[in-house]
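There are 2 protein chains.
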Amino acid sequence: MRKPRLMTPGPAPVPEDVLLELARPVIHHRSAEAKSVIIEVVAGLKDVFQTKNDIMILTASGTGAMEAAAVNTVPPGGKALILNAGWFSKRWGDICKAYGINAVMLDTEWGQPVDPDQVANALAQHKDTVAVMGTLSETSTGTGHPVEAIGKIVAGTEAVFAVDGISGVGAMECRADAWQIDLLAVGSQKALMLPPGLAFLSVSDKAWKKIDAFQSASYYFDLKKARKKMAEFDTPFTPAHTLLLGLKASLKRIREEGIENVWARHKRMSEAAQAGVQALGLELFSARPAEGLTAFRVPAGIKDSDIRGELEKRFGITTVGGQDKLKGKIVRVGHMGYMDELDVISGIAALEMVLSDLGMDIEPGRGVTAVQQVLIGSRALAAR
Amino acid sequence: MRKPRLMTPGPAPVPEDVLLELARPVIHHRSAEAKSVIIEVVAGLKDVFQTKNDIMILTASGTGAMEAAAVNTVPPGGKALILNAGWFSKRWGDICKAYGINAVMLDTEWGQPVDPDQVANALAQHKDTVAVMGTLSETSTGTGHPVEAIGKIVAGTEAVFAVDGISGVGAMECRADAWQIDLLAVGSQKALMLPPGLAFLSVSDKAWKKIDAFQSASYYFDLKKARKKMAEFDTPFTPAHTLLLGLKASLKRIREEGIENVWARHKRMSEAAQAGVQALGLELFSARPAEGLTAFRVPAGIKDSDIRGELEKRFGITTVGGQDKLKGKIVRVGHMGYMDELDVISGIAALEMVLSDLGMDIEPGRGVTAVQQVLIGSRALAAR
Chain A
0 MRKPRLMTPG
10 PAPVPEDVLL
20 ELARPVIHHR
30 SAEAKSVIIE
40 VVAGLKDVFQ
50 TKNDIMILTA
60 SGTGAMEAAA
70 VNTVPPGGKA
80 LILNAGWFSK
90 RWGDICKAYG
100 INAVMLDTEW
110 GQPVDPDQVA
120 NALAQHKDTV
130 AVMGTLSETS
140 TGTGHPVEAI
150 GKIVAGTEAV
160 FAVDGISGVG
170 AMECRADAWQ
180 IDLLAVGSQK
190 ALMLPPGLAF
200 LSVSDKAWKK
210 IDAFQSASYY
220 FDLKKARKKM
230 AEFDTPFTPA
240 HTLLLGLKAS
250 LKRIREEGIE
260 NVWARHKRMS
270 EAAQAGVQAL
280 GLELFSARPA
290 EGLTAFRVPA
300 GIKDSDIRGE
310 LEKRFGITTV
320 GGQDKLKGKI
330 VRVGHMGYMD
340 ELDVISGIAA
350 LEMVLSDLGM
360 DIEPGRGVTA
370 VQQVLIGSRA
380 LAAR
Chain B
0 MRKPRLMTPG
10 PAPVPEDVLL
20 ELARPVIHHR
30 SAEAKSVIIE
40 VVAGLKDVFQ
50 TKNDIMILTA
60 SGTGAMEAAA
70 VNTVPPGGKA
80 LILNAGWFSK
90 RWGDICKAYG
100 INAVMLDTEW
110 GQPVDPDQVA
120 NALAQHKDTV
130 AVMGTLSETS
140 TGTGHPVEAI
150 GKIVAGTEAV
160 FAVDGISGVG
170 AMECRADAWQ
180 IDLLAVGSQK
190 ALMLPPGLAF
200 LSVSDKAWKK
210 IDAFQSASYY
220 FDLKKARKKM
230 AEFDTPFTPA
240 HTLLLGLKAS
250 LKRIREEGIE
260 NVWARHKRMS
270 EAAQAGVQAL
280 GLELFSARPA
290 EGLTAFRVPA
300 GIKDSDIRGE
310 LEKRFGITTV
320 GGQDKLKGKI
330 VRVGHMGYMD
340 ELDVISGIAA
350 LEMVLSDLGM
360 DIEPGRGVTA
370 VQQVLIGSRA
380 LAAR
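Chains as they are written, first to last, in numbering that gives the first Met the number 0: chain A, 0 to 383; chain B, 0 to 383.
Chain A extracted, bound-state conformation (with noise of 0.2 Å):
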């Protein structure tokens, strides 16, 4: 028997209930049941992105989101400032380039957080920055950047802060609002508990007068079009219906569980995972990790391919490895979305046994017990 157990940092496991909502006869996308769906999803949305701004729902992967949040703010020969730290967040230079945005790419070595000083030191010098991008969490290192402090220097000038939450909202702490975030970008299949497809961004009011200084090259991912048809709660093209039902039964678990709990239980996870991975004498890759996936070095002698190949055959575990610059250099394990503190300790256990079989020396019950020290210390420490 192989049973599946999706541990990648995105796609992430879908609730049995959200996948029966997906199973349901398809409605008309501009029906008044269609609206109603849009009117919850979007006050759900909010409470997880913490915001009061407007949130457009874009039929795409989360590269649309991000691509309709730089398009849309900064004119062909703008500025923009790409906190480049990982494959991500290249992306949003990327994105610029085809554009024809001046894209200034502060670069920070991979797997470190981006330094707000340097940001600060940036912005100093580009004054004509329309736009700075960053990542909330960056999947390609596993890593968590501080976007609060970030947000806080941003919102001192005239540029907008635009970020790609897309593996980050909802597996970890991101206020938008609070932390001052213009344009929060977000992908369904992650913490939000949904297969891929849909694509979801916030702007601010901050952004919407950027958005409203001139006419974006992009047709597809126009929001001043996607303003209008959300305003009614429509979207200015057929979305994908189906994906909004599975998405209000997803959020009416979020809502359920309460987001600042959802983040609590994915900070335990993540807290639990680093233990176990370290307790294996495997070395985390990331210096401040993101709270929704673990990233570990490949130890020496061992190939990841390896060890991503045995947990898939022996327990139906997929992960995956490294991107770029990181192929064969790391593992990535996703604990995002529906997963628990079981889910943890069993791919903690998985791992233990295959490095052991792969021929490192491991006390038996040496991970699990760091994770299991970790989810008890935290438990007790909750009670009190």
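Derived by calculation from the structure, the hints in this document are not laboratory data. C-beta: ideal position from N, C-alpha, C; glycine also. Watch out, some of these pointers could steer you wrong.
Said to hold, decoys possible - Straight-line Cα separation of at most 30 Å, DSS-like style, residue types lysine-lysine; simulated pairs: (1) B:K34 with A:K2; (2) A:K223 with B:K224; (3) B:K89 with A:K227; (4) A:K324 with B:K228; (5) B:K328 with A:K223; (6) A:K224 with B:K224; (7) A:K247 with A:K266; (8) B:K328 with A:K228; (9) B:K78 with B:K89; (10) B:K34 with A:K326; (11) B:K247 with A:K2; (12) B:K228 with A:K89; (13) A:K34 with B:K302; (14) B:K223 with A:K328; (15) B:K326 with A:K224; (16) A:K96 with B:K224; (17) B:K96 with A:K227; (18) B:K96 with A:K224; (19) B:K328 with A:K227; (20) A:K96 with B:K96; (21) B:K227 with A:K324; (22) A:K224 with B:K89.
Stated by the list, open to error - Label-pair distances were calculated between CB atoms; the ranges are: (23) A:P24 with B:K302: 25 to 33 Å; (24) B:G99 with A:R226: 16 to 24 Å; (25) A:K228 with B:K302: 21 to 29 Å.
We have chain A; now place chain B onto it with these hints.
What follows is chain B alone, placed relative to chain A:
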């Protein structure tokens, strides 16, 4: 009891087995299993499109595939000839304008088919046309355009022929290669019997030459990037993978029925619906009806909202009204995808009863009899 019946020209009903595929646990979109799904659906789509050309899978509404076709083949300042004959063909022009493409609008009265001779004349006048953009089935008017004849004309020029086949492909005969269609855009939620959320675009060698000649502005809809990934049975961004599983199931159905039989079924349903509507004393709106939907003029003295409202209230039948200048003037009834002869009979029977209630003088059974005459006739014809 209210039994819902989706009779809109997209989204169209989804078969129960396809719906159940959507409820399967999510798998990773870069797994071996996911690649095998892409291999299978691309083969199935090629059969439906009747093409040997590449097919790109995009996570977007159908409009996304149109934008991809336009922005990748015609550089800013380049010329596109738009076969403007309705709400959706006008969209080709809007997309072009957003990207700075010089859109020459060849206007045809709504409800009339595009005249191939006029296309030939326009191309003789605009010899620098890079792309001709037209529509197979104009959903806003219920008109099927003579794509085969137009394809022949465009093929004799340097221009590529881009066709919006969103509500047409699978619902009426369309042979991309034989009809010399260079770019054929299709959405998932019409005759392909899926919920909305995926779009498909076939690309000919002639089109790839145009695409390779410059770098398009769009990042998300960059076809060069899509081609590279599709060659590895992958997509450039996380696809709406769940819908791909559903597509595999719906394409299996189409393969089993046979694409020519699928077309024949739609043709039969279309002719039957037209006969039924006319037998009720209603006037068809289109001079050359498309085969996936039937549009009729709202009779004098009755409001379209009364007809549609009663169909919905009494029989759970969802239809759509007119768009833009046709608002209140026509009603459009879909019969595409997961629909059979009895669905058409039900639809016409319901329309007959509703119109009778609204005060029209109709001899009971007249509409249904006309439908059955067509169906019995076409059956007898097929048996010969």
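Does B:K328 pair with A:K227 here, judged by a C-alpha cut-off of 30 Å? holds, 25 Å
For the pair we were handed, B:K96 and A:K227, check the Cα-Cα distance against 30 Å. Between B:K96 and A:K227 the Cα gap is close to 19 Å, so the pair holds against 30 Å.
Given the hinted pair B:K326 and A:K224, is their Cα-Cα distance within 30 Å? holds, 20 Å
Could you grab the alpha-carbon distance between A:K247 and A:K266 and see if it respects the 30 Å cut-off? OK: A:K247 and A:K266 at ~24 Å, within 30 Å.
Can you confirm whether the C-alpha distance between B:K247 and A:K2 stays at or below 30 Å? holds, 23 Å
When you check the alpha-carbon spacing of B:K228 and A:K89, does it fall within 30 Å? Since the Cα atoms of B:K228 and A:K89 sit roughly 19 Å apart, the hinted pair holds (cutoff 30 Å).
Next pair to validate is B:K328 with A:K223; report whether the Cα-Cα distance is within 30 Å. holds, 29 Å
Hinted pair, alpha-carbon criterion (30 Å max): A:K223, B:K224. Please report holds or violated. Holds - the C-alpha atoms of B:K224 and A:K223 are around 27 Å apart, at most 30 Å.
CA of B:K89 to CA of A:K227, is that 30 Å or under? holds, 19 Å
Does A:K224 lie within 30 Å of B:K96 when you go C-alpha to C-alpha? The given pair, whose Cα atoms are some 15 Å apart, holds under the 30 Å limit.
At the C-beta level, are B:G99 and A:R226 separated by a distance inside 16 to 24 Å? Holds, at about 23 Å.
Hint consistency between A:K224 and B:K89 [alpha-carbon to alpha-carbon, up to 30 Å]: holds, 16 Å
The structure fails none of the hints (numbered hints given earlier).
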